[in-house]
Amino acid sequence: MKPNDKPIMKLDRAAILADARRELDMPSRRLFGKRLLTLGGLSLLTGCSITDDKSVNAFLTAVSRLNDRAQAFLFDPHQLAPTYTEAQLTRPFPFNAFYGIDDVPEVNGSDYRLKVSGLVTGQRVWTLPELYALPHAEQITRHICVEGWSAIGRWGGTPFSEFLRRVGADTSAKYVGFRCADDYYESIDMPTALHPQTLLTFEYDGQRLPAKYGYPMKLRMPTKLGYKNPKHIVEMFVTNTYPGGYWVDQGYNWFGGS
Amino acid sequence: MVIDMDTMKATLTPAREAAPRNTPIHPIWLRITHWLNAIAALVMMFSGWRIYDASPVFHQIVIPPSITLGGWLGGALQWHFAAMWLLVFNGIVYLALNIASGRFVAKFFPVSPRAVLRDLIAALSGKLSHTDLRQYNAVQKLAYLVVIVDLIVLVLSGLAIWKSVQFPLLRELMGGYDNARIVHFCAMAVMAAFVVVHVAMVALVPRSLLTMLRGR
Numbered sequence: 001m002k003p004n005d006k007p008i009m010k011l012d013r014a015a016i017l018a019d020a021r022r023e024l025d026m027p028s029r030r031l032f033g034k035r036l037l038t039l040g041g042l043s044l045l046t047g048c049s050i051t052d053d054k055s056v057n058a059f060l061t062a063v064s065r066l067n068d069r070a071q072a073f074l075f076d077p078h079q080l081a082p083t084y085t086e087a088q089l090t091r092p093f094p095f096n097a098f099y100g101i102d103d104v105p106e107v108n109g110s111d112y113r114l115k116v117s118g119l120v121t122g123q124r125v126w127t128l129p130e131l132y133a134l135p136h137a138e139q140i141t142r143h144i145c146v147e148g149w150s151a152i153g154r155w156g157g158t159p160f161s162e163f164l165r166r167v168g169a170d171t172s173a174k175y176v177g178f179r180c181a182d183d184y185y186e187s188i189d190m191p192t193a194l195h196p197q198t199l200l201t202f203e204y205d206g207q208r209l210p211a212k213y214g215y216p217m218k219l220r221m222p223t224k225l226g227y228k229n230p231k232h233i234v235e236m237f238v239t240n241t242y243p244g245g246y247w248v249d250q251g252y253n254w255f256g257g258s
Numbered sequence: 001m002v003i004d005m006d007t008m009k010a011t012l013t014p015a016r017e018a019a020p021r022n023t024p025i026h027p028i029w030l031r032i033t034h035w036l037n038a039i040a041a042l043v044m045m046f047s048g049w050r051i052y053d054a055s056p057v058f059h060q061i062v063i064p065p066s067i068t069l070g071g072w073l074g075g076a077l078q079w080h081f082a083a084m085w086l087l088v089f090n091g092i093v094y095l096a097l098n099i100a101s102g103r104f105v106a107k108f109f110p111v112s113p114r115a116v117l118r119d120l121i122a123a124l125s126g127k128l129s130h131t132d133l134r135q136y137n138a139v140q141k142l143a144y145l146v147v148i149v150d151l152i153v154l155v156l157s158g159l160a161i162w163k164s165v166q167f168p169l170l171r172e173l174m175g176g177y178d179n180a181r182i183v184h185f186c187a188m189a190v191m192a193a194f195v196v197v198h199v200a201m202v203a204l205v206p207r208s209l210l211t212m213l214r215g216r
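From first to last, the protein sequence lines are chains A and B.
Note that my numbering numbers the first sequence so that position 241 is 241, with each residue one more than the last.
Note that my numbering numbers the second sequence so that position 92 is 92, with each residue one more than the last.
So here's chain A without its partners, still in its complex pose:
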């Protein structure tokens, strides 16, 4: 019995000592806790300034670049976006741009030329009749806006992957960049450029693409958010140098995939 009693006695003494020490420590610890909470509360109150902080913005931008890579990894080049029936079309299809509908650019089709440049063997300009003569494809797909809303539209044009091969694009390059008549600019990754549903679009709902939806052409990608789909394209180029984009340079995620 004796050897058993001893450690129990020791334990009790230790516990009492620990209790006493804890009680002695309490006032300062309480104060520390209080100050910590107040500090947290203050930083919450200045919530707006957290967003303006340079280092925070740098961190968030770095995570956004990481998210580009994560999305490129998730992107399955064979995974098709769902297609819909004519009855499911959203009418009217919403107009959306970084300007109002009154400021939509008026592009003259007769003197319009599409410039194709960069890492392509067939560097040249294309007229609209030449583009309209390319193989035709149609799709009824959902357009998803970064704001959250979505709309189903019917688009006609030519598969972009075929067009890229026709112009002798280096499809091992990283990016395809676009410049537009409304001073918009955008760029996409090559796997998305080659996706079977990526469509160089000349038609909306069986009609010539109206000015509000991007006459004379837009790049329609049901695998990307709306802002990644450039309208009024006047130049495209294949490159390995990151070209950025109008919204992307202001903080939207570059990959913008869906």
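Some hints here could point you the wrong way.
[What the hints assert, rightly or not] Computed footprint of chain A on chain B; a stretch qualifies when at least three of its residues, placed anywhere within it, have a C-beta under 8 Å from a C-beta of chain A:
(1) 165-172
(2) 176-182
[Said to hold, decoys possible] Pairwise CB distance ranges (calculated):
(3) B:Ile182 / A:Arg21: 50 to 56 Å
(4) A:Leu89 / B:Leu213: 52 to 58 Å
(5) B:Gln135 / A:Arg91: 57 to 63 Å
(6) B:Trp85 / A:Pro77: 21 to 27 Å
(7) B:Ser55 / A:Thr83: 21 to 27 Å
(8) A:Pro82 / B:Trp85: 24 to 30 Å
Hints were generated in silico from the structure; no laboratory data involved.
C-beta: ideal position from N, C-alpha, C; glycine also.
Given chain A, put chain B in place with the hints provided.
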């Protein structure tokens, strides 16, 4: 035999009492994952409100921009898609440790509708005991289980919105892209309600805040 049992009890009791004193009410991994989850979930909610405002699912519900995070849609999206990594990976660590350690079953089960009702009535009439913070009452068990499931629903519906093309199964499970946004919003509302009640309960039993900070 009887005498032996009694002497054993007598000698063991002090040691037994000493044991829970030294083992924390909440183990260190639980406290860390709890606070990381709190940060991630709140950042997700406040930035999510700003994203929601860009195109409200329910036209009559708009969140005052002053209580949102991010400043504008692009900023809110950056916060949202940064905090998601913390929410998901921290959540996986929490669930894995919780289940593997047996704490999940020990703490949250059994939980019966009758016990929940009994404890709810006791709580509302101010008769619910909070002396032993080791033991969750039935209402607590239910609330924590609900918020765990709710966070899983939030992550899955969020994935369906973010990658509606890449995850077709998830998209169809949520009833399509537009419906996934409704699921995401409703799950957010459940989480917000939990946060309000949870913080109110902590204010009523401040000792529970200390145990989540220092373990005892």
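Checked hints:
no. : hint                           : verdict
1   : 165-172                        : holds (count 4)
2   : 176-182                        : holds (count 3)
3   : B:Ile182 / A:Arg21: 50 to 56 Å : holds, 55 Å
4   : A:Leu89 / B:Leu213: 52 to 58 Å : holds, 56 Å
5   : B:Gln135 / A:Arg91: 57 to 63 Å : holds, 60 Å
6   : B:Trp85 / A:Pro77: 21 to 27 Å  : holds, 25 Å
7   : B:Ser55 / A:Thr83: 21 to 27 Å  : holds, 23 Å
8   : A:Pro82 / B:Trp85: 24 to 30 Å  : holds, 28 Å
Of the numbered hints given earlier, the model fails none.
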